[in-house]
Every structure is written in structure tokens, then in C-alpha cells.
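Novice: Go ahead and model the full structure; you've got the sequences and the hints to work with.
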Amino acid sequence: MSDVYQKLEKIVSKEFISNDLYVRHAYSRNVNPVLKGVPDIVIRPNDAKEISEILKIANEENLSVIPRGGGCCEWGGSIPDGDTGILLDMKRMNNIINLDQDNLIVTTEAGISWGALNEYLSQFGLYTGSLGPGSGLTASIGGGLSHHSVGAGGCAKYGACTNQLVSLEVVLPTGDIIETGSQANKFSKFPFNRFGNGPDLAGLFCGDNGIYGVKTRVSLKVFPRPPFAAYKTFLLPRKDVEVASQIMMDIRRKGIDIYDTIYIPQVIVATSAPLGLFPMWDHLKKKRGILFYTIEANSDIELTERVKQLDEIFLSKKTEVLGPEISDGNFAKWQYENPWHLYHNLWGIVPASEPFTAECFTPINMLPDLFRDTEAWEAENRENMNQISNITGNITILSGSGPIALVDGNNVEYTVGFNTSRSYYDGKNYKIIDDLNLKLWKSLLIRMFKHGVQYYMFGTLPSSLMVEIGAYSVEYYNLLKSIKETIDPNFILSRGKFNLKGDGIHD
Amino acid sequence: MTELENLKKEWEAIFSCMGCGECGFAINPMVGIDLTCPVKEALGERAFEIYFSRGRMSVLKSILEGSIPLSKKLAEYIYQCTECGNCKETCHQSDENVVLNVSKWIDHCKVWNALRKDLIEAGFAPLERHATLIEWMSNIHMKNPYGEEQLKKFEWISAFPNIKEKSDLIFFGGCTMPLRQEKTLKNMMKILQVAGIEFAITKDEWCCGSIGLRIGENVEDIIRHNVDLIEKMGAKTVFTACAGCYRTLKKDYPELLGEELPFEVKHITEVLIELLNNNQIPFQHEEGEKLKVTYHDPCHLGRHMDLYEIPREVIMKIPGIQLIEMKRNRNHAWCCGAGGGVKSQFPELAVEISKERLKEAVKAGANLLTTSCPFCIGNLNDAYNEMGPEIKEKIRLLDIIDLIASKL
Numbered sequence: 001m002s003d004v005y006q007k008l009e010k011i012v013s014k015e016f017i018s019n020d021l022y023v024r025h026a027y028s029r030n031v032n033p034v035l036k037g038v039p040d041i042v043i044r045p046n047d048a049k050e051i052s053e054i055l056k057i058a059n060e061e062n063l064s065v066i067p068r069g070g071g072c073c074e075w076g077g078s079i080p081d082g083d084t085g086i087l088l089d090m091k092r093m094n095n096i097i098n099l100d101q102d103n104l105i106v107t108t109e110a111g112i113s114w115g116a117l118n119e120y121l122s123q124f125g126l127y128t129g130s131l132g133p134g135s136g137l138t139a140s141i142g143g144g145l146s147h148h149s150v151g152a153g154g155c156a157k158y159g160a161c162t163n164q165l166v167s168l169e170v171v172l173p174t175g176d177i178i179e180t181g182s183q184a185n186k187f188s189k190f191p192f193n194r195f196g197n198g199p200d201l202a203g204l205f206c207g208d209n210g211i212y213g214v215k216t217r218v219s220l221k222v223f224p225r226p227p228f229a230a231y232k233t234f235l236l237p238r239k240d241v242e243v244a245s246q247i248m249m250d251i252r253r254k255g256i257d258i259y260d261t262i263y264i265p266q267v268i269v270a271t272s273a274p275l276g277l278f279p280m281w282d283h284l285k286k287k288r289g290i291l292f293y294t295i296e297a298n299s300d301i302e303l304t305e306r307v308k309q310l311d312e313i314f315l316s317k318k319t320e321v322l323g324p325e326i327s328d329g330n331f332a333k334w335q336y337e338n339p340w341h342l343y344h345n346l347w348g349i350v351p352a353s354e355p356f357t358a359e360c361f362t363p364i365n366m367l368p369d370l371f372r373d374t375e376a377w378e379a380e381n382r383e384n385m386n387q388i389s390n391i392t393g394n395i396t397i398l399s400g401s402g403p404i405a406l407v408d409g410n411n412v413e414y415t416v417g418f419n420t421s422r423s424y425y426d427g428k429n430y431k432i433i434d435d436l437n438l439k440l441w442k443s444l445l446i447r448m449f450k451h452g453v454q455y456y457m458f459g460t461l462p463s464s465l466m467v468e469i470g471a472y473s474v475e476y477y478n479l480l481k482s483i484k485e486t487i488d489p490n491f492i493l494s495r496g497k498f499n500l501k502g503d504g505i506h507d
Numbered sequence: 001m002t003e004l005e006n007l008k009k010e011w012e013a014i015f016s017c018m019g020c021g022e023c024g025f026a027i028n029p030m031v032g033i034d035l036t037c038p039v040k041e042a043l044g045e046r047a048f049e050i051y052f053s054r055g056r057m058s059v060l061k062s063i064l065e066g067s068i069p070l071s072k073k074l075a076e077y078i079y080q081c082t083e084c085g086n087c088k089e090t091c092h093q094s095d096e097n098v099v100l101n102v103s104k105w106i107d108h109c110k111v112w113n114a115l116r117k118d119l120i121e122a123g124f125a126p127l128e129r130h131a132t133l134i135e136w137m138s139n140i141h142m143k144n145p146y147g148e149e150q151l152k153k154f155e156w157i158s159a160f161p162n163i164k165e166k167s168d169l170i171f172f173g174g175c176t177m178p179l180r181q182e183k184t185l186k187n188m189m190k191i192l193q194v195a196g197i198e199f200a201i202t203k204d205e206w207c208c209g210s211i212g213l214r215i216g217e218n219v220e221d222i223i224r225h226n227v228d229l230i231e232k233m234g235a236k237t238v239f240t241a242c243a244g245c246y247r248t249l250k251k252d253y254p255e256l257l258g259e260e261l262p263f264e265v266k267h268i269t270e271v272l273i274e275l276l277n278n279n280q281i282p283f284q285h286e287e288g289e290k291l292k293v294t295y296h297d298p299c300h301l302g303r304h305m306d307l308y309e310i311p312r313e314v315i316m317k318i319p320g321i322q323l324i325e326m327k328r329n330r331n332h333a334w335c336c337g338a339g340g341g342v343k344s345q346f347p348e349l350a351v352e353i354s355k356e357r358l359k360e361a362v363k364a365g366a367n368l369l370t371t372s373c374p375f376c377i378g379n380l381n382d383a384y385n386e387m388g389p390e391i392k393e394k395i396r397l398l399d400i401i402d403l404i405a406s407k408l
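Residue numbers (our numbering), protein chains in the order written: chain A, 1 to 507; chain B, 1 to 408.
For the record, the hints were derived by calculation from the structure and aren't laboratory data. It is possible that some hints are incorrect.
Stretches of chain B that chain A covers, calculated by requiring three or more beta carbons in the stretch to come under 8 angstroms of a beta carbon on chain A [said to hold, decoys possible]: (1) 35-49; (2) 56-63; (3) 72-79; (4) 293-303.
Remember, it's a predicted structure, so these values are computed and weren't measured experimentally. We treat Cβ as the ideally placed atom computed from N, Cα and C, and that holds for glycine.
Specialist: Here it is as C-alpha cells:
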């Protein structure tokens, strides 16, 4: 056993540290089919103090450290960049510390899942508003904040989960522990507000993809769950993407406080039918795009009025309302009652397949252009896609978007990518599949970057690629890097992301 | 056989796992899910991801890709799994309206079983205590996993001279009930006799092979022996009071033989519901406050065989009883912890898991926890005996058979 292992073991005790081969490989992947990184050591810390001590040793020994919450992210978000370093499994830190019912703020350890926190809050008639990432309610609060996540429900009304943030306890890469927001004032008795006491330093850690610190304790605003809700699903006419965009913009223009509006593009509705993904839409003669809304209210009268306003918007665009039951095709009802698998059923649509995808924010009015360009990209890259299909015999690779959610502001979450096969196929490793997949994926990402979209769940691959192609301005990137150098002089935390140790920035 | 032959057959399942982690962390009260893996939860804060499905799938991907080998160490992790199938249920949250196609490709228990077979093929398993069970099951004087003399399994029959040697209806006694819960077996006889049911039994019956199959052993000789024996007795229907035997006879036997069995297999609750529906079980008249009873779904009956409602129908027909549900029931029921060879190899872990189930039953407000599996009852009882008055003063345990017999 190495000296460093012994030092780390003394911090957390032997039950919570492992360098066992199988334990390490159990943490070597997240939700993407190609990137893999096997940590040298896995640690399950108990609190900020332990993490602080671990980070100090990592600095002394020049060891990389990667925090991992629910492990539901993509593209190297919660695995080491290469086979190296320490992985911090944050899921042991899952206690709810306090629910301040007077001020509607919950304080919790960062490793708790969105599902567990919301189940707890439901006992008090409360919820977190935005229910976290679309990757599922198993994702951790810390991970959601690190990615500005949206997608599990409520993001049209409440926006990204970072909007709910009140204060953070963060262990900086040097091992220093800080608190943000109202808690920056050491005389503050309890967390009550994010802003004030100087700049919004909490914002530094929101969407940082784990490069600036390890989130250990989080205070979030919570909200009373309105007792009334309505949900309707509509079949869109031709030019579904244009119509969906128009409807979303109309909703915003009229200021309707909608809970969710999600658009399922025609390509999904049409191609999913033979794959058996949405039997509720089998009866539709025209397999066009779907758009649904969910609205919450505090009274029946309020709900009725809002439904009327929304129906007017939807029906004025020649949409066709589907029946009220899930079996009638009312996906909105399914999603509100089971906010869980909205995205999951696009994984594994044929055996051992996965989409190469990532989510980005874009203004609503850019959606039609993005769609058209994604189609153009597919046509340009058809030859490479067919090479993969020819090896595996799987279905034709298609690009496009998964569900597109209205988020805060006049923006949507665009989930662009393509479905493909993994490199392990029927007993053989096909390296060429990995190579082709990565080539295609990088090319699609670059195409999207150049439309000016905002990716947020970056991981190592998209963040570094964005740097490599010079998408950041030199000044912006230099500031990003200077902050990193100041608080993480040895670049130990989340190495590989944003290419911070390389010279990837080009003027 | 080449190394990894069984795992390679499961490659589609293994590489269809996207790694979302719901098999470890899912909590969704709207669909009755409150965590998933009994082993992970029993290990508590010590549970690295190797102890539940996602981490194991990740390791299996590495093994199939050729990055890491099988080993004894891996076997020690892998056998800490009850094969309860709750990971599969959580992964497969499909319904008739929205389908997760991975539910068509991933059968988690099949993957774990393939790995166990390969670990045995490679010489890294069975683990020590499992090896002893296998040895006892193969011993011509025993043919049971308890290390008892074969004849001991049939001592209870002497109290029932009317049991036939040949009949359309055969009772397959299994090992656990006759060797460890004879009283329940005698209560079953009491019920069936009062209902006027006649059946046959054979003293040549061997252990059904369930434990061997779960460990990953080849038990073809056992299967062939039992099937031939039952066929020779002229059986049209075989019934058993053991959930493990039921799953093994009804599901594993035809799958492994590659042919349909020449007889029907029923669980005792399926026999009992027919008798109750025909008013063949005369209960005593009862008045007063009803006993609050909750039902624990044995994994081998529920998740593995989809038999959820019949045991509940049986319970609801017993007078003086109010059936209440635990928070986790039916396809998301919490496992008792005994299955998959955990009880024999890791008895403390098995008992820890059962403690959680007992607490859940008390929390539901039940005065009595009942189930229909001798293995579950045995393990729940072991946990019960270790627990304090906060459990023992609030709840009792009984097999459904004993519950019915107590009301005759």
C-alpha cells in the first residue's frame, strides 16, 4: 500500500476508501458510450472537512481529483480524464440538514439526489420547483448545480436548478472551505439569500462543471406545490418545429406562468413507432411533432383561466388536442405524474446502442435554423454513419433532437445528437466505431458551437473542444483560467475540463 | 467451455445499460419506488458502486472489453447479491404507453447468473459455504442443501398415512419446509385434509436445484431426475409451498430442458384460492377488531413469476383480517435478503436486509407480517430474533399457511 493511500485512509477510515480493481472500474464510466477513465483510488467522504484534508494531500502529491455525484452526466463529467487520480463519491453525503419552513429554504448535503430531496419535501407540500436534470431524479443536487441542469420538470416556470440556489458550502481545491451568499457574513444565523455581501461568488460554482470547487452543502429555495394542475398534449401541423417555436414564444409574450412545455420533434414520433417506444401515439394517423403543456395553479378558477389562455394559443396554430388520458397520447399527464424517463427511452432503442448527445440552451427563435442545419449535417456525414451501420447491422443512424423543453427566459433546451452503436459488438471490440463516433460527435458539436448555442453539461470532451476551436474569446478564457490558477494552482480538480492545462485557446 | 462464454451471450444486455444509476438511487413515490438494491442499502455508507447493478454492469463492460479479468475477489463481490430482481424492475419502468426498450434487452438476473456460471467455469467459485451446499445436494444420501439425511425430509409423512403414492396431483415438498418448518407443513396438511384434497408424494424427490442454479451450478441431473419421477407418478399437476421450488420447477426446468413440462406447476396459494373460492375451507366465525396483516412478496413468487395478487386474494378471504400494504410492495417489494445464495454465504448481510423489511412492516401499522415462502420466513425470523421490543412487541410473523390454519 502506498504512502499516499495510507494518508488518505487515515482521513476517512478504511471502510470508505478503496483501490480495488473492481471498485475502481465500477466508477470508470458515466452516461456516454466512449469515454472511460479508471480512478486509482475511490473515496466516499463524510463531510467538507474530510474533503479539505483529501484535497490538501492531492496538492502535495499532485494527484487529480474528480467529484462524482449521481454519476448520471455525460462526456467525462464525473470520471477521471484518463486512468488516474482520486474519485470522490459524494453520495455518502446525503443528509438533509434543515428545512426552514418560515423562509422556505432547505439546507442539505450536496450528495443527496433530487428524487430523495423532493420526496422529503413532499411531506410538507413543498418541492424544489425545477426538479433537476433530465438525466433522472437519481442525479445529485451538487451535480445539478455544477451543470446548471434542467429537464426533470418545472424548468419553464423555475428555470435551471441553479436559480433556486441560496447559499453554498464549497471546498476549494486548496482545501479552504467557504460559504457563499448570506453565509459569507459569519454573523448570519442561517442561509436566507444568495445575493449581497459583494459579488455573487456562488455563481462562480454554478455550472462550473466541478472545476472550481467541491460542493458539500447547499441551501435551496423551496416552493409550495400548487394543488391544481392541468396538462394537455397537442399534435402539431406541418412545419412542426416552426409551429412549436411560435407557440413557445407566444406563451412567453403573454406572460403565462407555465410549468412545462416540451416539444417532441416529428423525427422521434415517426421513427419511434416501429421501435415501439410510444404506444400511446400508435393510433395517430399522422406521425407529426408533439407539443405539450403543464400548468399549475392555486385554485380551480385560476387553473381554468390559464388553460383557456393556453388552449387559445395552441389551437390558433392548427394543432390538434389529444385525449385527456395517457393512453390517448397525453404525454403531459404521463410526464407530470412520472417525471422520470422523459429522455431515458431514447437510450438502448436497439440493443447496445446509445445516442451521442448533449443538451444546450438556445433562444426559441433559433430552433428552426438549428433543426435545418442538423439535417444538413446528417446528409453531409451519411457515409461515416453508414460505415457504422454496416458493421453492426443496426438501424440506420439518425441525427436530431430529443425532447426540447422551454426553459427560463425565451430559451429552450435543445438535445441534439445521433443514435449509434457502441464499439463492443457481439464479442468484438471495433475501434473504428469509437473513432467514427468521436469524429461525428466532434463535428456535430463544432457545428452547434458555431451557432452560438450554450452547452452546460460539458464534461471533458465538449468543454475542451469548445476551447480548441477558439469559441471562447481570449479575454473570457483567460479570466476563466486565471480564476482556476488562483484557486487551484496545481490544477488538481476536474482535470481535462476546458483544456485548462493545455494551450487550446486560439485567437 | 471458453472463458466468459456465458457473459458473452449477455453482451447486448450489458452494453444496453446506460449507467443512469436508478438501480442504486431511485426514489419515486409516484410509482412506489423507494430505493432499489437491498444489498447496497444494508451495507449503508460502506456501499461502493460495485455493490449494486450499475457498478457491476460497468465492471462487466470492462471484462468483456478485455481490460480486467475474472477473479476470486470479483466472486466475493458478485455473490453479495440476492438476485431479487428489483434492479430490473426499476430499470424497466415501462408501461403500456411509454416503453423503455432497454427493458427488452436487459434481464439483470440473467446477467448475474451468467457471470456466476463463468466464475465457476474459471474456478473462482463456488465460494466456500456454497461449495458445501453443492456437495450436500450431490450426496446420494442427502440430496438437500441442509446436509440432512434424505429420509429426514419425509419423516413428517408418517403422521399422514392417507397420502397416496400416485395421483393426478403431486405435492413437491422441497427441502426448507420439511427440514426446518415441519409445523407449517403439518398445518398445510390440516387445511388440505379439511378441504378434502387428496394428493401423492414421493420419497425419491431431490432438492429442486434452486440454490445450485442461483449459484451458477449445472443441475441438469437433478432436473432430469425430478421431472422423470413426477412424470412416472402420473401427475397432471404438481404443487409446492416453497416460492423457490415454484420458480425453479415452473420457470427454470422448462427453460433448461428446452421443452414444456408434462405437468402443470402450481404454488400453494393457487391451490388455496381455488379451495377458498369453492368454500372448501371452513373458517371459525370471528367478530371484533380485525388483525392488520401485511404481505411480503417473495422475490421468487413476485418479481420472478409475476404472482402478486393471488396471495393477497387468499389473505383477504381469511376472516378477521384487514390486509394493509407496506410502502414497497408487489414489483418494488423490498427483498428479505435470503436469496441468491446470500443466506448461506453471507448470513449477517441477509439478516440486515430482513431487519429493514420488518421495520417497514411495523411502519405500515401491521400486527402481523405474512408471506408464502419458507426461505423468507426463515430469514425474517432470524432477523426478528435479533431485534428489540420496538419490533417484537408490535408484530408477529406467520406463513400464510399457518395463518389460515390458525383460523380453522
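Novice: Against each hint, give a clear statement of whether it holds in the structure.
Specialist: Tested hints:
Judged by the Cβ-Cβ criterion of 8 angstroms, the region 35-49 of chain B is covered by chain A as claimed, because 4 of its residues qualify and three suffice. Only residues whose beta carbon comes within less than 8 angstroms of a beta carbon in chain A count, and the region 56-63 of chain B has 5; three or more means the coverage holds. For a cut-off of 8 angstroms, the count of residues in the region 72-79 of chain B with a CB near a CB of chain A stands at 3, and the three-residue condition holds. Closer than 8 angstroms: that is the beta-carbon criterion, and the region 293-303 of chain B has 0 residues meeting it against chain A, so the requirement of 3 is violated.
Figure legend: structure checked against the earlier numbered hints; the only hint not met is number 4.
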